[in-house]
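Colleague: One-letter residues, chain by chain:
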Amino acid sequence: MIETALIIETVVKAVVVLSVVAAMAGFATFIERKVLAFMQRRLGPMHVGPYGLLQLAADGIKLFTKEDIIPQNAIKPIFIIAPVIGAASAFVAVAAVPYFPEFTVFGYTIHPIISDINVGLLFIMGAASVGMYGPLLAGLSSANKWSLLGGARAVIQLLSFEVVSGLSILAPIMMIGSLSLIDMNDYQIGGVANWLIWKQPLAFVLFAIAGFAETNRTPFDLVEFEAEIVSGYATEYSGMRWGLFFIGEYANMITISVMVSIIFLGGYNDMWFIPGAIAMLLKVSLWIFLFLWVRAAWPHIRPDQLMWLCWKVLMPLSLINVLITGIVLV
Amino acid sequence: MFEAIAFYTFSILVIGMFGIVVFSKNALYAMSALAGGMIFISGFFFLLDADFLGVVQIVVYTGAVMALYAFGMMFFDSTRDVKENIKFKKIIYTLSVLSAIFTIFILMAPIFSTKIEAIYPTLQGVGNVQMIGLILFTKYLVPFEVAAIMLLAAMIAGIVLVKVKMEETPTNIEVARGEK
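Going line by line, the protein sequences match chains A and B.
Just so you know, we're using my numbering here: the first sequence kicks off at 1 and counts up by one.
Just so you know, we're using my numbering here: the second sequence kicks off at 1 and counts up by one.
It should be emphasised that the hints constitute simulated quantities derived from the structure, not laboratory data.
Any given hint could turn out to be false.
Said to hold, decoys possible - Computed footprint of chain B on chain A, listed as stretches where at least three residues anywhere in the stretch have a Cβ under 8 Å from a Cβ of chain B: (1) 125-138; (2) 142-153; (3) 157-165.
Note that CB positions come from ideal geometry on N, CA and C, so glycine has one too.
One chain only, chain A, in its complex shape:
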């Protein structure tokens, strides 16, 4: 009986989280267009609905009904499965993310996390790095030179950022002594002064930079940079397959925002007079805005600059950070 209840609860949670994150990912595309427009002194989408709000639905209808083209020489099974890998791994990562403090509905306590495995942090990072297989397989199977270049860039991007994000997160893990995101949140109970960002500012900056690289956001959007390689790995994709890549990308953005908020910015603990759940929403929104802000403000960098940055600057810095943290802890 208990097992059945657990299964039902998990399925309900999974469906809720999946639909909410997918809807938020869709909404983020609208927000992105609006924010970019305001930063560039334009209006952005205005015609469909009030303030262009229904543009979202129009885009959705367009994506779903567009003809799905598979190029003649493409390797069909892998071409078809690549966008699914991109989107699915982003949603798998979401399974281990705690969003809100636990709350009680009708006398039944709900933990807003689908699966509280005690290595949640590593699991999220692993699932997110599997997500890079989406662009890679798409690039290799499309039988298109732009796509191939995009796939090659996906490889160097993964090999560059994975080391930095892993090493930078090591210092906070050493201080907390746990890989569970809930423990990380509980470590920072007691107001803004207890946030980990004050104790680990360098790790925070490094992890944020690695997060930008992980989600293909603008300073590091080299796998799909229009001016150089048309649309990179997604050149040959159309319709919903193309849409899946971008749902995955935005879902990853949300995951990274939640992770930064939990590890460094105090998580879902109460902030002054603001209750925890709303504080969490505010932090995540702030991070999404930061992603868009950087896209509007920053030029993009070349692949060799990305490798130089990750291997010669960020990796030594994160190693030094780990070393100093170790000395201080001992």
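With the hints as your guide, set chain B onto chain A.
Modeller: Using the frame of chain A, we list chain B on its own:
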């Protein structure tokens, strides 16, 4: 029941994937199936409550197979089949089947002869990660450090091998030819 279902699903998936790795002539199919198989193996670790090892399996092999893709991309045209040059088919098949049976025999013999008991039974209330840390830094400290030194040596060897041609960047070649 769920464990049994999950175990057989993952077994079929893993065997199927590695079957594709061996039998496919297309480099892209083989590499993708390898990546998939490696990730599906982590399912067994999760079933055995070894969360940490399962996640490490995913993280490590994602990066490792990704590096393999980089080489595959450079050496093969991924949209065409690779021409294989196998001369002694019978010998290869006999030897591979025999060695597979032999490996299974070696691994299964102790399970059939005596019941295997854990030398280090899992402690109650100690997490997965802590347990691995305890074993790794007490009983297996020397092999662990030796492995670390071996990896370091391999890394230095790799850098030295590449370093030979590191000076010959495109600009340097142009300078040497007198074009700049």
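Colleague: Now look at each hint and say whether the structure bears it out.
Modeller: Verification of the supplied hints:
no.	hint	in the structure
1	125-138	holds (count 9)
2	142-153	holds (count 4)
3	157-165	holds (count 3)
Hint check: no violations occur; every hint is consistent with the structure.
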